[in-house]
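Knowing the structure of chain A, use the given hints to seat chain B on it.
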Amino acid sequence: DAGVIQSPRHEVTEMGQEVTLRCKPISGHDYLFWYRQTMMRGLELLIYFNNNVPIDDSGMPEDRFSAKMPNASFSTLKIQPSEPRDSAVYFCASRAGSSYNSPLHFGNGTRLTVT
Amino acid sequence: QQQVKQSPQSLIVQKGGISIINCAYENTAFDYFPWYQQFPGKGPALLIAIRPDVSEKKEGRFTISFNKSAKQFSLHIMDSQPGDSATYFCAADNYGQNFVFGPGTRLSVLP
Numbered sequence: 001d002a003g004v005i006q007s008p009r010h011e012v013t014e015m016g017q018e019v020t021l022r023c024k025p026i027s028g029h030d031y032l033f034w035y036r037q038t039m040m041r042g043l044e045l046l047i048y049f050n051n052n053v054p055i056d057d058s059g060m061p062e063d064r065f066s067a068k069m070p071n072a073s074f075s076t077l078k079i080q081p082s083e084p085r086d087s088a089v090y091f092c093a094s095r096a097g098s099s100y101n102s103p104l105h106f107g108n109g110t111r112l113t114v115t
Numbered sequence: 001q002q003q004v005k006q007s008p009q010s011l012i013v014q015k016g017g018i019s020i021i022n023c024a025y026e027n028t029a030f031d032y033f034p035w036y037q038q039f040p041g042k043g044p045a046l047l048i049a050i051r052p053d054v055s056e057k058k059e060g061r062f063t064i065s066f067n068k069s070a071k072q073f074s075l076h077i078m079d080s081q082p083g084d085s086a087t088y089f090c091a092a093d094n095y096g097q098n099f100v101f102g103p104g105t106r107l108s109v110l111p
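Residue numbers (the working numbering), protein chains in the order written: chain A, 1 to 115; chain B, 1 to 111.
This is chain A alone, in the form it adopts within the complex (with noise of 0.2 Å):
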């Protein structure tokens, strides 16, 4: 089992440009989490889908943040425009259904930095 993929593992990019962060979730897994990890705010949930479809995005920030998972084994994150606030930890994770015995398995993340 190779874990939850991430990639690019560093992004840096200038302020207004397009990022886009990918995510390929552990085979057979049904639910797929976007978190965003700073030192001020810890990790916060943008958003998370159940078998493909987003079930709660109450935590994308804005507009500029849209993610999508066309099929079961990848997912993207982008954001457009980019600026600098925007810099973080972007984390992927995905578990095997919702009872308390599934964890969720988190990838090794993108560093965003925008400047």
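Among the hints, a few may not be true.
[What the hints assert, rightly or not] In silico DSS-like pairs for lysine-lysine, Cα to Cα no more than 27 Å straight-line:
1. Lys58/B <-> Lys71/B
2. Lys15/B <-> Lys71/B
3. Lys5/B <-> Lys58/B
4. Lys24/A <-> Lys68/A
5. Lys68/A <-> Lys42/B
6. Lys57/B <-> Lys68/B
7. Lys24/A <-> Lys42/B
8. Lys24/A <-> Lys78/A
9. Lys42/B <-> Lys78/A
To be clear, the hints were calculated from the coordinates, so they are not data collected in a lab.
Only a predicted model underlies this, so the values are computations on that prediction, with no experimental measurement involved.
Okay, now just chain B, sitting in the frame of chain A:
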């Protein structure tokens, strides 16, 4: 009501000592309380978890104590080792519908 409070923010312990991290919640609908461990450059990983029908769970050097009436739970790391130095997050889950993390505790175990 959806928040999980966690303390201390940072903790320094000597090798062999006991590390204790405390968490508190308000939402009585939470039914699952995991702890996640995160090393630099890595994503958080499940360490140990407990359900509210149990007051204590132990796995090796790691123990969760749970006080349902006080809505508090804590992580105890016995015989702390330098390799335990990491950030620890408590969390609470509501039947998979609302997974909330605490703000994290940065643990440093001195050799």
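Evaluation of the provided hints:
1. Lys58/B <-> Lys71/B: holds, 19 Å
2. Lys15/B <-> Lys71/B: violated, 30 Å
3. Lys5/B <-> Lys58/B: holds, 22 Å
4. Lys24/A <-> Lys68/A: holds, 12 Å
5. Lys68/A <-> Lys42/B: holds, 24 Å
6. Lys57/B <-> Lys68/B: holds, 14 Å
7. Lys24/A <-> Lys42/B: holds, 16 Å
8. Lys24/A <-> Lys78/A: Distance ~15 Å between lysine 24/A and lysine 78/A Cα, so the pair holds.
9. Lys42/B <-> Lys78/A: holds, 22 Å
In this structure, the one hint that does not hold is number 2.
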